[in-house]
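Asks: Take these sequences, add in the hints, and give me the full structure.
Number of protein chains: 2
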Amino acid sequence: MTTNIQQLETDFLNYVKKITAYEEALNLMYWDLRTGAPKKGVEGRSEVIGLLSSEVFKMETSEEMEGYLNQLLDEKNKEHISEIALKTALDCKKSFDRMKKIPIDEYQAYVTLQTKAESVWEEAKEKADFDMFRPYLEELVATNKRFVEYWGYEENKYNTLLDIYEPGMTVDILDNVFRDVRDGIVDLLQKIEKSDRRVDTSFINEHIPKANQEALSIEILKQMGYDFDAGRLDESVHPFQITINQGDARITNKYDEQDFRIAVFGAMHEGGHALYEQNVSKDLAGTPLAGGTSMGIHESQSLFNEIFVGRNKNFWKKNYDLLKKYANDQFDKVPLDDFYYAINEVRPSLIRIEADEVTYPLHIIIRYEIEKGLFNDEIEIKDLPAIWNEKYKEYLGVEPDHDGVGVLQDVHWASGAFGYFPSYALGYIYAAQFKNALLKDLPNFDELLAEGKLEEIKKWFNEKVHQYGKMKKPLEILQEATGEGLNARYLIDYLQEKYRDIYQF
Amino acid sequence: MTTNIQQLETDFLNYVKKITAYEEALNLMYWDLRTGAPKKGVEGRSEVIGLLSSEVFKMETSEEMEGYLNQLLDEKNKEHISEIALKTALDCKKSFDRMKKIPIDEYQAYVTLQTKAESVWEEAKEKADFDMFRPYLEELVATNKRFVEYWGYEENKYNTLLDIYEPGMTVDILDNVFRDVRDGIVDLLQKIEKSDRRVDTSFINEHIPKANQEALSIEILKQMGYDFDAGRLDESVHPFQITINQGDARITNKYDEQDFRIAVFGAMHEGGHALYEQNVSKDLAGTPLAGGTSMGIHESQSLFNEIFVGRNKNFWKKNYDLLKKYANDQFDKVPLDDFYYAINEVRPSLIRIEADEVTYPLHIIIRYEIEKGLFNDEIEIKDLPAIWNEKYKEYLGVEPDHDGVGVLQDVHWASGAFGYFPSYALGYIYAAQFKNALLKDLPNFDELLAEGKLEEIKKWFNEKVHQYGKMKKPLEILQEATGEGLNARYLIDYLQEKYRDIYQF
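Keeping their order, the protein sequence lines are chains A and B.
2 is the number of the first residue of the first sequence in this note's numbering; add one for each residue after it.
2 is the number of the first residue of the second sequence in this note's numbering; add one for each residue after it.
Incorrect hints may have been included.
The list cannot tell twin chains apart, which means a pair is met if one copy fits it or any two copies do.
Each computed DSS-like pair below joins lysine-lysine, with the alpha-carbon atoms no more than 30 Å apart [what the hints assert, rightly or not]:
id, residue 1, residue 2
1, K88, K77
2, K319, K79
3, K41, K255
4, K319, K499
5, K94, K40
6, K128, K459
7, K459, K41
8, K318, K441
9, K117, K465
10, K334, K41
11, K465, K441
12, K95, K383
13, K128, K325
14, K117, K283
15, K192, K94
16, K394, K94
17, K211, K325
18, K283, K41
19, K41, K474
20, K465, K40
Hints were generated in silico from the structure; no laboratory data involved.
Being a predicted model, the structure only gives us computed values, none of them experimental.
Replies: This is the structure in structure tokens:
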């Protein structure tokens, strides 16, 4: 009996390994498409991606998979299998249920809709024409509502969507923490507005050649502990991190020769994601557990590096000379303090991805409130532009001239990713909580930054977060690393303290 | 009935398309491994390649495949299917038979042997220790002999191996043309040796930065008509061309900063392969017919560009200034004629891949004679080093100091590729025949080169060779393009005429 179960576990893990092999091939194809695949090969490539993806779908929903899951997750067997096999089975079961509950023709129609909607969105954004995109968005939301009915939900329909990206996250939890974040930031913004301090940023936008920015990015990534023997850095239109396999976590960067901040903070952001992926326990290789546990925890790693390290004055005590080495003479007469103020200027704006670290969460909260309203039938799609603009006016004091810089700015809804946005703000909140816990173990955090000893910080995250992959749920990781649940206080405290100094209120 | 056959044809072509989708993924993974994949990802990658390759093997030898082939190739159905479906089925049938006739355990043992043999060979070459490699080579030859028995053969066992790389090629044909080539070249070498002309190459080996060589390679590739929207150029240890899909024929190059010839002629060689792949008819997409028809015809395209274009004085009339633009001042005082002599210096040497265009075929003929002897039980493995050295002495007048620069220099035998070498010389012979035929349509060939109008030449090959992919057999292509069969005379005439001028005999 035990022998049979062990054989079953081995067969199951081999089956799962085959699925991850396909995913490695698919990820390499995505990476290649976005880093220089020639354009005439794109059409053929898309067909191949479609074909191999459908093979993955078949394996994930096959009778063979169902058989493994039924047996391994049977109460009498569960205790006889390894923890890795059990958690792998639970993860596969979640995907299996999600996919099997949707009628196959509805699923295929949805995939087609997504593709079409993304291309319509691109044009609509360009033309600032919401009405052009509206029927697609209506169909996307309607389909996702039907899917939620198929999948089932507890308390709030939107919870089911949140759970896709952040397992265990609910509207109840988010309403609370997002209220705290919003109140804290609105209060802080008022203080900043009243301040007389004006930040000089005149020296930022000067020309630095791409090659220099790349060399600088590489030096900073090495300092962070990014392992170039287990990854590579390339250029792409939008920076991203992608994991090909456990020894190959790639990142890309974008270079604006008139604004070094894009490359420096982009590298630190994607590098943060990659540190997570590079340091998952090797025991999890070949299973779906060998990656970040949720979008939110993943984002905590990128934001920790980008913001809590990269926008800290001590980091620049170490690295300002390095920047000067690769820049022209634009910084030669700029004292470190002024440089530090400049890279932390607060300025409420319309575009999420260009937001400063204070106003960024407000962009997310607006999207969260709208998504929640849509899935609880409190908001109609036709009213979206007006609601969007009102909320920007209320929270940020700015109003879009047109929908291209308003409700149409992000691709997420066009690709059907409802429930994704909150992870950006969650990552930020998690990161502040981790920072607080880390300070207990490494009270010399600021000195480590000033000395370039970022490896010490990486080691802390390796132990508390990275190694577990998906073996622990997001809130489990948070609880064990910090001793408490989700709490927005640390983020607000961090922002208040930092900006009190910068804006001297 | 007809409807059924048409449905069968569609199903079969979809099945084949799925196989080519896997091959696209595999080719991208190979390309990636050789152009910069991080080393810690290599082990995982190898497993994934093994896994997806075995899926391809399963599909190519499946009962489903057998069913399609039996029905489509049935006499009563053959005439009702399209020519593409028929030739695809014949191509699949050839692979099917080759794989199915070998017992699966022998096949697997052979794959393991190949991998092991390649790594032993690498060390043996390094240490110049033939005895270390000998047992593996014995096993490789013995296994291939057994395979030939399984596959069957006509007249000569070696014919079956030749047919893998050059369909339709036989020992009878090769014995004749290779004798002509050998006699012609040996005669030519004697004349060159007697000549008083000494070629000055002192200005060749000066430093040219890699970036300059790359820019120069790109300009030359564009002139050749290589479509950068349907391919890309990267760097690798050994240059190669690989086709990802019909709109994506990639090439790599190698840069020696002390010898620009490596990059320039390497780019033209790989570019020639790529021109073939980029210009196969789009009707063949998704079938195994969408590629070069044989190793020999493929090599004719690379060698035509590298040698018949790249080492022609008229090509340099157009491009010598371009080279000077990217070089330092090393050529400023060198007249074009002297430059032309230098890049065509003849010097018998030990290493095949470093050979000049006159002696190159002799390196191939030596290998051909040895392979033929091995598979006809006329040569024993233990005698190989002695036989090798004797032949080099006899044909080229040089003798290896050790086996590392002798019998161990090539990887081909270690990877079991017996029958492959002749395609290098065949490609050269084909290329000379194509040149002769092309001159009838484009008598102004030299002027086109001098004016940089290489597109005209490309168009000729598009029409006569490229478009057909594997729809025509190598000797069919040759016959239709040149009006005759394999004939070594054109190569010998070309060499005699060219070197009579250079060495003034």
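Asks: Treating 30 Å as the Cα threshold, decide for K95 and K383: within, between, both or neither.
Replies: Result: close neither inside a copy nor across copies, 34 Å intra and 61 Å inter.
Asks: How would you classify K318 and K441 at a CA-CA limit of 30 Å: within, between, both, or neither?
Replies: Classified as within; 23 Å inside a copy, 73 Å across copies.
Asks: If the cutoff is 30 Å on CA atoms, where do K465 and K441 land: within, between, both or neither? Let me know, please.
Replies: This pair counts as within: shortest intra-copy Cα distance 13 Å, inter-copy 75 Å.
Asks: For the identical chains here, do K334 and K41 meet the 30 Å Cα criterion within one copy, between copies, both, or neither?
Replies: This pair counts as neither: shortest intra-copy Cα distance 49 Å, inter-copy 44 Å.
Asks: Can you give me the call for K117 and K465, within, between, both or neither, at a CA distance of at most 30 Å?
Replies: neither (42 Å within a copy, 41 Å between copies)
Asks: For K211 vs K325, is the C-alpha pair at or below 30 Å within one copy, between two copies, both, or neither?
Replies: both (15 Å within a copy, 27 Å between copies)
Asks: Tell me, please, which holds for K394 and K94 at an alpha-carbon limit of 30 Å: within, between, both or neither?
Replies: neither (44 Å within a copy, 69 Å between copies)
Asks: Go through the copies and call it for K283 and K41: within, between, both or neither, with a Cα cutoff of 30 Å.
Replies: For K283 and K41, only the inter-copy Cα distance (12 Å) is at most 30 Å; the intra-copy one is 38 Å.
Asks: Treating 30 Å as the Cα threshold, decide for K192 and K94: within, between, both or neither.
Replies: neither (50 Å within a copy, 78 Å between copies)
Asks: Have a look at K117 and K283 and pick one of within, between, both or neither, based on CA distance no larger than 30 Å.
Replies: Between copies only: 26 Å across, 39 Å inside.
Asks: Regarding K88 and K77, is the shortest C-alpha distance of 30 Å or less found within a copy, between copies, in both, or in neither?
Replies: within (16 Å within a copy, 56 Å between copies)
Asks: Could you place K128 and K325 in one of the four classes (within, between, both, neither) given a Cα distance threshold of 30 Å?
Replies: Close neither inside one copy (41 Å) nor across copies (49 Å); limit 30 Å.
Violated hints for the displayed structure, listed by number in ascending order: 2, 5, 6, 9, 10, 12, 13, 15, 16.
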